[in-house]
Amino acid sequence: MKEGQKVQFVRDHEAPLKSSATPMVAAGLASGFAFAGEKPLLDTLEEVDGAPQRTATWSLDGGITATFRPTFKEETIEFAEFRRRFESLEWCAANPDHPIAYLRAFSDKLSSLRNELRAMKPLLLVRRGRRFALIPQDATPEKKARILSELG
Amino acid sequence: MQLLEAAIAEGPGELFGLKLRPVSLGTLNLCRRLGLSLVLHHEQAALISETERQRQIMLFVWMHSAQLTEVLAAVRDGSWDTPFGAFAESSSELIVPEVLAEIRRVSQLVDAALVEVLPKPGRSSDDEAPTDILEPGFTASLVFTLARETGWSESFLLWHLPLARALQYYHCALRASLAWTVKPGPPVQAQINKLEQWAAALTPDEDDK
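Those protein sequences? They're chains P and W, same order as listed. The first sequence begins at 476 in the working numbering and counts up by one. The second sequence begins at 21 in the working numbering and counts up by one.
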């Protein structure tokens with residue numbers, strides 16, 4: 476993230492692989508929007524009222540706009556043609572405003588996000604007073620102790 | 021309430037013939053700097069190896085019994101392992117269980133005095149504050165507040181006022197300013213243990229269902 480950057484947060488309390496926010500974010504990326512930084516997802520697990528609470532927060536660049544151009548003609552096609560176009564990256568690149576190109580881009584973005592999410596584990600969020608710390612699950616005991624010492 | 025009242029009698033102590041300064045705001049700060057998890061997170065004591073536990077116990081006794089100027093100079097320039105090493109050599113007969121019991125006793129008094137401030141509804145919240153606001157450090161914040169309220173010297177507040185009492189006086193200052201103070205949440209290690217159990221039950225495949 477950069478100083479002065481406008482950021483749009485998308486937050487919910489579902490695991491990102493289950494959440495409806497993830498396909499929405501993928502749809503946004505397919506439409507031309509972009510993440511606000513290199514680590515666009517903060518996925519945490521914390522105890523709230525004695526129960527686990529998962530919070531996933533996506534950060535998107537709020538300064539970007541997307542333009543949708545209806546530059547395609549109305550047409551009727553069979554599934555075989557739909558499939559040919561959907562599976563052809565060349566066709567999609569040549570027809571970037573066509574709904575089929577959007578569907579393909581959405582599908583690719585969602586698959587890619589889901590692959591990345593499968594490799595991620597939520598950070599453990601612990602609180603002491605008004606301070607909080609985020610602890611990676613695979614942190615070494617030394618790193619964990621260092622993070623906790625910052626909490627006071 | 022009994023523990024709060026018990027803290028009133030806190031003061032310098034003696035262990036094995038060594039005169040100890042009380043655990044104070046200043047020595048808590050040193051414990052942080054030297055990574056004394058035994059004192060900072062005493063609930064984790066059982067997880068610390070025997071060798072490390074003994075090392076931390078010796079460090080605890082050294083920092084509370086050696087000349088304060090010597091301790092501060094050694095911690096400041098990072099050379100503390102030299103005077104600490106000499107102390108550890110000459111004090112190898114220290115009885116670990118008794119020091120551990122003392123740390124546990126003081127920790128109970130400190131835990132009883134800890135509070136956290138509950139934000140008041142309808143007041144400006146952290147969400148509305150600019151993101152680049154800087155907060156003072158924990159020790160400076162307490163010393164400043166107590167000095168402002170009482171006129172006591174920085175040296176007394178840092179090194180001679182027992183921590184369990186300093187925290188109670190700080191609580192008084194918070195209440196005098198009409199802050200809502202409540203018992204703090206569960207110890208950090210207890211939070212982590214519970215979260216790790218919950219996290220272990222999560223797998224990406226299960227997430228994906």
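A few of these clues could be false.
What the hints assert, rightly or not - As a list, the in silico SDA-like pairs of lysine to any residue whose alpha-carbon atoms are at most 20 Å apart: (1) K596(P) to R53(W); (2) K619(P) to R52(W); (3) K481(P) to A511(P); (4) K514(P) to A614(P); (5) K548(P) to V523(P); (6) K214(W) to P611(P); (7) K214(W) to A511(P); (8) K481(P) to L517(P); (9) K618(P) to A210(W); (10) K619(P) to I153(W); (11) K203(W) to C567(P); (12) K140(W) to E216(W); (13) K514(P) to Q612(P); (14) K548(P) to Q528(P); (15) K618(P) to A65(W); (16) K618(P) to R73(W); (17) K584(P) to N570(P); (18) K619(P) to K214(W); (19) K481(P) to I153(W); (20) K584(P) to F508(P); (21) K203(W) to R606(P); (22) K619(P) to K140(W); (23) K214(W) to Q528(P).
Claimed, not checked - Far from chain P by the CB rule (all over 10 Å, computed), these chain W residues: (24) G33; (25) S57; (26) P204.
No lab work stands behind these hints, which were simulated from the structure alone. Just so you know, even glycine gets a beta-carbon here, dropped at the ideal spot from N, CA and C.
Would you check the hint for K619(P) and R52(W), treating anything up to 20 Å between C-alpha atoms as holding? Roughly 14 Å between the alpha carbons, so the hint for K619(P) and R52(W) holds.
Straight-line alpha-carbon gap K203(W) to C567(P), limit 20 Å: violated, 60 Å
Holds or violated: K214(W) and Q528(P), Cα atoms, limit 20 Å. holds, 12 Å
For P204(W), is the shortest beta carbon distance to chain P beyond 10 Å? About 6 Å separates P204(W) from the closest Cβ of chain P, which leaves it inside 10 Å; violated.
Straight-line Cα separation of K618(P) and A65(W) no greater than 20 Å? Within the cut-off at roughly 17 Å; holds.
Straight-line Cα separation of K140(W) and E216(W) no greater than 20 Å? violated, 32 Å
Pairwise hint evaluation, K214(W) against K619(P), where the allowed Cα distance is 20 Å at most: holds, 15 Å
Quickly compare the C-alpha distance for K481(P) and A511(P) to 20 Å and report which way the hint goes. Given that 20 Å is the threshold and the Cα spacing comes to 8 Å, the pair holds.
Hinted pair, alpha-carbon criterion (20 Å max): K618(P), R73(W). Please report holds or violated. holds, 18 Å
Is K619(P) within 20 Å of K140(W), Cα to Cα? Not satisfied, since the Cα-Cα distance of roughly 32 Å exceeds 20 Å.
Within 20 Å, alpha carbon to alpha carbon, are K584(P) and N570(P)? holds, 18 Å
Mind checking the alpha carbons of K618(P) and A210(W) for me, to see if they're no more than 20 Å apart? holds, 17 Å
Checked against the numbered hints given earlier, this structure breaks hints 1, 5, 7, 10, 11, 12, 14, 22, 25 and 26; the rest are met.
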